[in-house]
Amino acid sequence: MTDLKGVSVFCEVKSGVVLPIAFEGLGIGRQLADALGQELSAIIIGSGAGTLGQQAIAHGADKVYVINDAKFNEYQPDLYLFALEKAIDQVKPQIIIMGQTDNGRELAARLAFRLNTEATLDCVGLAINAETKRLLQTKPVYGGNAQAVFVTETDPQVVTIRTKAFSALAPDASRKGETLALQAMDIDALIAAAKTSITNRVVEDIAGIKIEDARVVVAGGRGIGSAEGFKQLEELAKLLKGAVGASRPPCDNNWIPDTAQVGLTGKIIAPEVYFAIAISGSSQHMSGCSGSKTIIAINKDKEANIFRQARFGVVGDWKKVLPVFTQKIKELVSG
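Under our numbering, the letters of the sequence shown match residues 2 to 336, in that order.
Keep in mind the hints are simulated off the structure, nothing from the lab. Heads up, the beta-carbon is just placed ideally off N, CA and C, and yes, glycines get one too. Where hints are given, some of them may not hold.
Estimated spans, in silico, between C-beta atoms of each pair [claimed, not checked]: (1) D253 / T139: 45 to 53 Å; (2) Q328 / D79: 17 to 25 Å; (3) D253 / E332: 54 to 62 Å; (4) G144 / N201: 33 to 41 Å; (5) D189 / Q55: 39 to 47 Å; (6) D214 / A171: 34 to 42 Å; (7) D302 / I192: 21 to 29 Å; (8) N254 / A71: 30 to 38 Å; (9) N130 / D206: 30 to 38 Å; (10) Q55 / I192: 27 to 35 Å; (11) N254 / K93: 49 to 57 Å; (12) D253 / D173: 22 to 30 Å.
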């Protein structure tokens, strides 16, 4: 592809709402576009996409390209891939930013293959090289124990960003921009050409705040010992209006649902505060929570790896430490 210019953000929509990670993408996208002296565009797909365009403009986009069709209301991999490929062919951005969601990580890799380029997933840092004008893509490596900077030599440069790794701009309703309909495409033909189809959807039943969206996560490890122990973690999480997480062993032992697992084979999260209680801090687990703004650890082993990652730590038996801490939080909340 030639004559590529600008930064484009795919704004994922779910149940008629633009996901927060899309606004985070627009935030860093605005910085990159300004550094290049080029435009920032957004791509929105789905019924009602036109009305969502102003939200993208308020969060930094100069132009918003929309495919406004109810056939895109439910995510279908092949259909979205076809649509994005055609959208990129029209918009012709040099940089494409997507969220590191279940859909985003699938689409980014497949889209990059279709465009004969490369994709870097799960980025926590993006910047423009002042000399080469190429995108510097920082992501965790070695199970989250280090970070590496990648540079893609082909265009467009495709990346996904980790949730909460970047800040969204404060929305400015007075910002001006354009909302443009993408060229008409034969959607029925795209559906007919799809190699897969969705036969059924099962919605994950979650009570309370989803762990991915929580500002505070109270997580427990093997040292919690039982499902009963996790009830104490739930009490603290409720006080802090947060969610409960876990390392892999508690999930394998059915002390807590698999949906609470944080780590390489679980959820990758970046809350404001992450309590790691009776968690050793293995690289597999840390890869899922290393993006947390503040990690607070409680562990009776003073040599536990978690203390190398934590900002605050208490060496002690969680059964003695946590009740005292929870009681103090209750006093502060009630006061």
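Evaluated hints:
A hinted range of 45 to 53 Å is violated for the C-beta pair D253 and T139, which are about 32 Å apart. Under the hint 17 to 25 Å, the C-beta atoms of Q328 and D79, about 54 Å apart, miss the expected range. Take D253 and E332: their Cβ atoms lie about 36 Å apart, and the range 54 to 62 Å is violated. Here the CB-CB span from G144 to N201 is close to 35 Å, well matched to the stated 33 to 41 Å.
Hint check: D189 to Q55, Cβ distance near 29 Å, so the stated range 39 to 47 Å is violated. A beta carbon spacing of about 19 Å between D214 and A171 contradicts the range 34 to 42 Å that was offered as a hint. Range check, D302 to I192: about 56 Å between beta-carbon atoms, so the 21 to 29 Å window is missed. Evaluation of the 30 to 38 Å hint for N254 and A71 yields a failure: the beta carbon distance comes to about 44 Å.
A hinted range of 30 to 38 Å for the beta carbons of N130 and D206 is inconsistent with their spacing of about 46 Å. Here the CB-CB span from Q55 to I192 is close to 29 Å, well matched to the stated 27 to 35 Å. Between N254 and K93, the C-beta spacing of about 52 Å keeps the proposed range 49 to 57 Å intact. Judged by the Cβ atoms, the range 22 to 30 Å given for D253 and D173 is violated: they are separated by roughly 47 Å.
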